[in-house]
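Chains as they are written, first to last, in our numbering: chain A, 1 to 122; chain B, 1001 to 1280.
Read the hints as simulated data drawn from the structure, not as lab findings.
Among the clues, some could well be false.
[Unchecked claim] Keeping only pairs whose Cα atoms sit at most 30 Å apart, straight-line, the calculated DSS-like set for lysine-lysine is:
| hint | chain 1 | residue 1 | chain 2 | residue 2 |
| --- | --- | --- | --- | --- |
| 1 | B | K1161 | B | K1092 |
| 2 | B | K1161 | A | K108 |
| 3 | B | K1161 | B | K1120 |
| 4 | B | K1047 | B | K1031 |
| 5 | A | K108 | B | K1205 |
| 6 | B | K1205 | B | K1031 |
[Claimed, not checked] Derived Cβ-Cβ restraints for the label pairs, each shown as a range:
| hint | chain 1 | residue 1 | chain 2 | residue 2 | range |
| --- | --- | --- | --- | --- | --- |
| 7 | A | D40 | B | G1018 | 18 to 28 Å |
| 8 | B | M1254 | A | E105 | 26 to 36 Å |
| 9 | A | A28 | B | G1018 | 19 to 29 Å |
| 10 | A | A41 | B | M1001 | 20 to 30 Å |
| 11 | B | K1031 | A | A113 | 44 to 54 Å |
| 12 | A | A37 | B | K1161 | 36 to 46 Å |
[Unchecked claim] Chain A is nowhere near these chain B residues, computed Cβ spacing over 10 Å in every case:
| hint | residue |
| --- | --- |
| 13 | R1022 |
| 14 | T1107 |
| 15 | P1156 |
| 16 | D1218 |
Don't be surprised by glycine CBs; every beta carbon is placed ideally from N, CA and C.
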Amino acid sequence: MTRLEPDRIPGTPIFDGAMARRGHALNAMCFGFNHEANRDAFRADPAGYCTAHGLTPAQIRAVEARDVLGMIAEGGNIYYLAKLAGIWGLNVQQLGAAQTGMSVEAFKAMLLAYGEPREIAA
Amino acid sequence: MSEIIGGYFTSHVPAIGGAIVRGDQQAPYWKPFFDGFPPIRAWLAEKRPDVAVVFYNDHGLNFFLDAMPTFAVGAAEDYHNADEGWGLPVYKPFQGHAALSWHIIETLVAEEFDVTTCQKMLVDHALSIPFELAWPDADAWPVKLVPIAINTVQHPLPSAKRCLALGRAVNKALQSWPGEERILTIGTGGLSHQLDGARAGFINKDYDRFCLDHLAADPDALTRHSIHEMVELSGTQGVELLNWIAARGALGDMALSETTRNYHIPISNTAAASLVLEPA
């Protein structure tokens, strides 16, 4: 079985074993955000909380910059990162806009355009 | 003797739960999605299922990457939702059907599916939202639950072929269950959507249509694509379609008719669909 390179599908992360290894500390921290006390502790001192949870310097930089693509590149999994995004009050349209370089309005317009009637190829 | 009444399939986007809490079902943005459910509710009211076997994926509530089962079967007496990280209202609990769960587990292992068994597991919005949509006025869910979680989070994911075979093995269990229950299968998630990466926002109406058109009569057509091809066609989270494929497999080989179908773009970042299949 051949293993696809991450960029085989453009702009599409495949969260595989290599990613899981790289991102474990970041994802573990985000999994902990299921508990309100952990969310509060992160809010009080984001960098300190990241350090205490063993994140790498690159992961901490990405978190501090709220750089979604950067967090993914450092092994972040979107299902867990979504909990961190929630702390920041970001919805998935805002996350999508941040990753695509679009404005939120343009990103929403793109989603709506997918739904516009058109001929379906047989 | 038990009876399989059919299958109910729906997207499970978290934002649907928010719309329900706000009472936005008739708002212009939401109405085209929620309009798919009155026929489903009427069908369920007529068919009166006693138990639901639900194929879904956990979004980091119960399972973390420390121990990620490919297939996990709940065998609990009851199931609870919990804070999924957003501090939202917690969904209603579910009554389990542990005896049926263990019968399914025994059948699956005999069929060489080496599943993880869970006598305690939290269940997330992927289970609760389909129930909220199906029984919006229920004080307690009218069906018992057997949850079956499929890993859609961490690659390698099980193939579509394997998920269809898993569903068919569950069908074998349901066919041999000596109880009197009326059994509903549910598949949740999808359809095409992608939350992560520079291609975030990707939706594929043609592929979704292909899946919806083939699910009833030719589900094997959906297994021709590899997981990576499915990601390319349906987005990184579009692979939640695996839950639909497994739930379709659990209906077995009987001829099926499509009772109702709805498809709408977009709900949140997702092409949303709902569907009921029942014995023809």
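Which numbered hints fail: When the structure is compared with the hints, numbers 1, 2, 8, 10, 11, 15 turn out to be violated.
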